[in-house]
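Number of protein chains: 4
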Amino acid sequence: MIGGGGNAFIGPVHLMAALMENDIELVCGCFSRTYETSLETGKKWFLPESRIYPTYQEMIQRESELPIDERMDFVAIVTPNNFHYEQAAMALDYGFHVVVDKPMTFSLEQALQLQKKVEEAGLVLALTHTYSGYPAVKEMKKRIANGELGKLRRVYVEYTQGWLAQRIELQGGNNAGWRTDPKTSGKGGCLGDIATHAWHLCEYVTGLKVKELCSELHTFVEGRPIDDDVAAFLHLEQGVTAILSATQIAVSEENGLRIRVYGEKGGLDWQQQEPNTLYAKWLDRPTELIRMGTGFGNLSSLAHWNLRTPGGHPEGYIEAFANIYRNFAKTVRARANGEEPSPECLDFPNVYDGVRGMQFIETMYEANQNDSKWMDWIEE
Amino acid sequence: MIGGGGNAFIGPVHLMAALMENDIELVCGCFSRTYETSLETGKKWFLPESRIYPTYQEMIQRESELPIDERMDFVAIVTPNNFHYEQAAMALDYGFHVVVDKPMTFSLEQALQLQKKVEEAGLVLALTHTYSGYPAVKEMKKRIANGELGKLRRVYVEYTQGWLAQRIELQGGNNAGWRTDPKTSGKGGCLGDIATHAWHLCEYVTGLKVKELCSELHTFVEGRPIDDDVAAFLHLEQGVTAILSATQIAVSEENGLRIRVYGEKGGLDWQQQEPNTLYAKWLDRPTELIRMGTGFGNLSSLAHWNLRTPGGHPEGYIEAFANIYRNFAKTVRARANGEEPSPECLDFPNVYDGVRGMQFIETMYEANQNDSKWMDWIEE
Amino acid sequence: MIGGGGNAFIGPVHLMAALMENDIELVCGCFSRTYETSLETGKKWFLPESRIYPTYQEMIQRESELPIDERMDFVAIVTPNNFHYEQAAMALDYGFHVVVDKPMTFSLEQALQLQKKVEEAGLVLALTHTYSGYPAVKEMKKRIANGELGKLRRVYVEYTQGWLAQRIELQGGNNAGWRTDPKTSGKGGCLGDIATHAWHLCEYVTGLKVKELCSELHTFVEGRPIDDDVAAFLHLEQGVTAILSATQIAVSEENGLRIRVYGEKGGLDWQQQEPNTLYAKWLDRPTELIRMGTGFGNLSSLAHWNLRTPGGHPEGYIEAFANIYRNFAKTVRARANGEEPSPECLDFPNVYDGVRGMQFIETMYEANQNDSKWMDWIEE
Amino acid sequence: MIGGGGNAFIGPVHLMAALMENDIELVCGCFSRTYETSLETGKKWFLPESRIYPTYQEMIQRESELPIDERMDFVAIVTPNNFHYEQAAMALDYGFHVVVDKPMTFSLEQALQLQKKVEEAGLVLALTHTYSGYPAVKEMKKRIANGELGKLRRVYVEYTQGWLAQRIELQGGNNAGWRTDPKTSGKGGCLGDIATHAWHLCEYVTGLKVKELCSELHTFVEGRPIDDDVAAFLHLEQGVTAILSATQIAVSEENGLRIRVYGEKGGLDWQQQEPNTLYAKWLDRPTELIRMGTGFGNLSSLAHWNLRTPGGHPEGYIEAFANIYRNFAKTVRARANGEEPSPECLDFPNVYDGVRGMQFIETMYEANQNDSKWMDWIEE
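Residue numbers (the numbering used here), protein chains in the order written: chain A, 6 to 385; chain B, 6 to 385; chain C, 6 to 385; chain D, 6 to 385.
Heads up, some of the hints might be wrong.
Stated by the list, open to error - Computed list of lysine-lysine pairs in DSS-like fashion (alpha-carbon distance at most 25 Å, straight line):
#1 D/Lys216 / A/Lys48
#2 D/Lys335 / D/Lys122
#3 B/Lys49 / C/Lys335
#4 A/Lys122 / A/Lys214
#5 D/Lys49 / A/Lys335
#6 D/Lys48 / A/Lys335
#7 C/Lys121 / C/Lys216
#8 D/Lys156 / D/Lys216
#9 B/Lys216 / B/Lys192
#10 A/Lys122 / A/Lys192
#11 B/Lys335 / B/Lys122
#12 C/Lys335 / B/Lys48
#13 D/Lys214 / D/Lys121
#14 D/Lys335 / A/Lys49
#15 C/Lys48 / B/Lys335
#16 C/Lys49 / B/Lys335
Stated by the list, open to error - Simulated coverage check for chain C against chain D, where a stretch passes if three residues somewhere in it have a Cβ under 8 Å from a Cβ of chain D:
#17 161-173
#18 210-224
#19 234-241
#20 310-319
Please keep in mind that the hints were generated in silico from the structure rather than gathered at the bench.
Where is the CB? At the ideal position from N, CA and C, for every residue including glycine.
The task is simple: from the sequences and hints, build the whole structure.
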């Protein structure tokens, strides 16, 4: 693992998610740019000092020199956006699979280069668009693919947070610093941090790509050098349209990701904060609560595959995260054994999602500065 | 009352709302263009045949000839949009106050003329933007006016319905016919029918006016000659921004009006389908459920004035409607007695809301056809 | 109307409920034991002074002397429990129908006498067990009667309030005074005030009668001379069992009436504070939200009959109350016309519910003082 | 680990919970009475064949012979109730700490013997009353202990499931078999399986012990030789009373555990299916949503200690389970290092909870057969 030391939020989540299934062990790490912090973190996690490295370069290099059954199998990158590319690139160059947090890179250019590297190396890269790991989201995707809603018409996707309603990045000691600094975060603030999740969810569940959009970026908190609020009208393939909104200044909202999809015959509604229920709406019968974990033979195998417990035993964020790790690990292991992974295993975000994510940031950013209403999706 | 005969939806609602407070009686009516239907309706409601009129012209004329303590005091107009102007204008010309359903007229031009008539006659016109009659909405308005949220930043207002997800207007026997026909409905379908409510709520609770907007109108149901789905970014005074969406094709949604307002210090969230709760969100303390009807000395007098029962006794749509009638009636009675109505009484939508509503329809309609992102609010 | 003057809560609710449907007018009243208060109240409601009476005796007497088409048709009794019997009895003796608030009388003995009077006079007595007036409750009753849940097994009915969590009856100026005084309220405090509603709902929706019970009454607030909290296990006909709880000391709870019924094939769950949704639960398919007012042809005619608006336009407490008045009025009118009222009209609580309600209070009171676990239902 | 092979539900949950924090590894196991199943399960979990044992006796014996830094540190027992005692007893005898699923033993007598063994050996026994592991439950406990609710009055605790609404134990291939057979389950069916959780939660959050109770056990499903539905009135210390209900025949309910506690000054309400919110109710201010994971400095250190992620990232059942394992592991490790564990660490259910749990089953069972209303808590 690269990153995750000290007070980091997402590093320990990666670790819990990875370990939970008894599929993956933590074998080495470079958890911080400060060796002391890294050592401290590594020891807390029971690593021998020999596998706690002062730099990620040294880690990748030296691990690659270990015997094949001792060295790490993949690298998890949980650093700020501006480091993703160089770290992932080096790992791939040395033959390691990669799990990287989103957005995949700092710039679209880097994303395209990473795609090339992955394709050439024949390695696996997983991108932690966590929310696509929820069983109910997978159920949503499957039901839409099966045509249960008929031809799609309208998507509403929103992501509301409030933790950046004040300029807390000036206080330090929190995760706001690098996220609100264009030098570490890239072009997008709220745009890169959470609007990308909303966009990804929209394309993931509908199976449709955005073709053009109309966007509006705001910076509501005075002095902040990057956007903290995003809105867009999206035009997807097949005449489907979406309204996307994401904000980090909606006071006291926590992690309010919600997606609603309506077609000619029905609708589906899911909210991340109560992730185990999917509301299904119909032309001619009452709204149903599709509950994860209950029997009734009415959940798809894709949802079942990503569930651990029976109905009423709430699964949450860490389990969604763990689904990405588990599916990634099973894919890597299957390939190592010369087998083809099942479609359920392969259903995790990969380098192509990463590239489209960077295109999304680019297009939204440009469209915001545009006087015309519509802007075409930027490919490169 | 003009209109409301047969299977009409909104006419009987007007009646129940008007009667509930023992402030208003039904004394005469022309309930349908078909005299037979009108008679039948009037008799069902215990009117003597002499006060059931074949045409609204005859009703207004003959009522005006009755002695002052026998004739009707005001006219309630519950007909399709294209009749509103001529009926309201004639009533005003004969000295009657008016209650009219929204949108106020068929065109912006008519609205401006009606405003002139109201001003010249010194009569009262109430417009039934029902949702502003809910106590929790009034509480929201009051708290925002008091600065509890600090400087406002972001408004999300949405109105989702699904009853027009199919082309049911072809079946007849429902209320979809005139609403989806530009000849009776005017320029807006969903735009005039429900987006106007959403816009009104936004201006009502914030106390701020829209200055420019970016809009997108859709017709999702094939063959329908008018929009059935609306979205807009709104720029209001003082740098406040809003996302507005309204749709009538979201399968199985009933009457999903919701408004969320976020400022620097807090947020408020209200949903029409559970209208007695207001969620208040804060920077530094837990979310509160502001419940209508409970004591705690923490509800504004404006909300209290519009409540009938203690907490936990749900008040609904008809009570919200009744608040408009009651406040209108008390205003008319106060003025008749040479008194100035209280600010609480005067808090009902009037002819100026009606004019702005028609400007909203006009601006949204034009903006949709525009290639530029932004369009200024159209005054006339 | 007898009672309802000054700050009374339930009197004005009766009035709004009665007027709403344009079926009933207020023609006379004795609103308070203090003539001045009565006059003030009557004038506020636009009654001529001649029809505002100083005593209920005078009202009944003098109204009975008016010509038949001028005098009142029925009496609504909204006084404390200890007055119900004498007032209802006199009204019946003079040939007037009666609407009376629950509990019907002060003692079981009075209730049995009233039953006799109603039967002898052939008049109609309606008892305002309001909650049985909700469309969703009627839907529940109908679905159970139709066997949709299979053989019933278990009922959970609870009613939580918090307004008596402190001894506010000592402060005056509220409705707690007579309710917590056994001289005006009768044997039951919480028992008579709200547990009776819970019990009634249980028998109403299941169509089954309680045969024996085990009860526990508590007085949690020091110094209060009557119970403020009630719990019971109920054994109903056909082996069905119920847990009933009612409390008025659950701090901050408003009017939390909820009933859940489970049978061999399904369950139904309803909560009064969000009264327009009924949750239907099934062995082999997802939970459904049965929404009042939506089409889908899946609501019973009994529910439809008691609905006023389409889905998403919330109906509430006053509409439920109005359903009792409307059905009572239609029954009276039908009988006056020599017609048999429809079963939907007749579906309102009557004198037999009133008698059973008093038996319930009696049995619960005695069972509480009993060392044995079970006590048989007391008939007289 | 003993048990957990094949289709078992709770075994894999134990494993995920144990692994998640990188504190615990799976090192050996006897997962089934059938060696083949055990082998298969062990290999799936990457154990070497040498550490997969044919019997639990052999496992305990042979592990105890390994060098101290190689052998297992503790045994997790996830077998049917009738095996718990002999397995736990042997583990303790050989010096191993124990985690055991509830109810702790088959009979009260065994429980008392186990308590003696734990005390004599000075070892740690953790009992997986999972629900006390939720952060919001811990917050509830802490706030009550701090006196925020004032003197307590009333507790409502309920646990509704529906999976045994039919006699599915006859079908095989599910977890219903041993749970509904008194030979494997003990005296209680629903009583031992879930009512014990409800009871434990009640004593855990209030810090008060049950002194006497009135109970009613039912078997609703024909032919089932054990209860499937439980109700009780509980009298706790300090005059606090509770209503407890638990059922497994409430069709379609999943895992509906809910506890509400009311005192003189406030109330708290928690539901397991949405475990990250605690509703706090007050005499004089609006209901608050206490959300796990948000800052506001208003969560107790006890809740914080058991949380992993910021607000809005739902934690669930597996995390609650993991809290018990983590606190157990930290306690064991601290003691091994000669340190005293922190109070937060020590806050997990132990052998004394296990003994009281068996007393609860015993008392409820006897009280059900009793004609008197009340029965004293049975100590042994």
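Status of the hints after comparison with the structure:
For the hint linking D/Lys216 to A/Lys48, the alpha-carbon distance of about 48 Å lies beyond 25 Å, and the restraint is violated. Between the alpha carbons of D/Lys335 and D/Lys122 the distance comes to roughly 22 Å, so the proposed pair stays at or under 25 Å and holds. The hinted pair formed by B/Lys49 and C/Lys335 meets the criterion: a straight-line CA distance of about 12 Å does not exceed 25 Å. Simply put, A/Lys122 and A/Lys214 have alpha-carbon atoms about 24 Å apart, close enough for the 25 Å limit, and the pair holds.
Proposed proximity of D/Lys49 and A/Lys335 is supported: the alpha carbons are some 13 Å apart, at most 25 Å. As the CA atoms of D/Lys48 and A/Lys335 are separated by approximately 15 Å, the hinted pair is consistent with the 25 Å bound. In summary, the hint linking C/Lys121 to C/Lys216 is supported, as the alpha carbons are separated by about 23 Å, within the 25 Å threshold. Simply put, D/Lys156 and D/Lys216 have alpha-carbon atoms about 18 Å apart, close enough for the 25 Å limit, and the pair holds.
This hinted pair checks out: B/Lys216 and B/Lys192 have alpha carbons roughly 21 Å apart, not beyond 25 Å. Between A/Lys122 and A/Lys192 the CA atoms are separated by roughly 23 Å; this keeps the pair inside 25 Å, and the hint holds. Between B/Lys335 and B/Lys122 the alpha-carbon distance is near 22 Å, which keeps this suggested pair within the 25 Å criterion. Simply put, C/Lys335 and B/Lys48 have alpha-carbon atoms about 15 Å apart, close enough for the 25 Å limit, and the pair holds.
Restraint check: the Cα-Cα separation between D/Lys214 and D/Lys121 comes to about 21 Å, which is no more than 25 Å; the hinted pair holds. Taken as a hint, the D/Lys335 and A/Lys49 pair is honoured in the structure, with Cα atoms around 12 Å apart against an allowance of 25 Å. Between the alpha carbons of C/Lys48 and B/Lys335 the distance comes to roughly 15 Å, so the proposed pair stays at or under 25 Å and holds. The suggested pairing of C/Lys49 with B/Lys335 holds, with an alpha-carbon distance near 12 Å, which does not exceed 25 Å.
For a cut-off of 8 Å, the count of residues in the region 161-173 of chain C with a CB near a CB of chain D stands at 5, and the three-residue condition holds. Restraint check on the region 210-224 of chain C versus chain D: 3 residues with Cβ-Cβ distances below 8 Å, three needed, restraint holds. Under a criterion of three residues with beta carbons nearer than 8 Å to beta carbons of chain D, the stated coverage of the region 234-241 of chain C is upheld, 3 such residues being counted. Against chain D, the region 310-319 of chain C contributes 0 residues with a C-beta closer than 8 Å to a partner C-beta. That does not satisfy the three-residue criterion, and the hint is violated.
Of the hints listed earlier, those the structure fails to meet are numbers 1, 20, in rising order.
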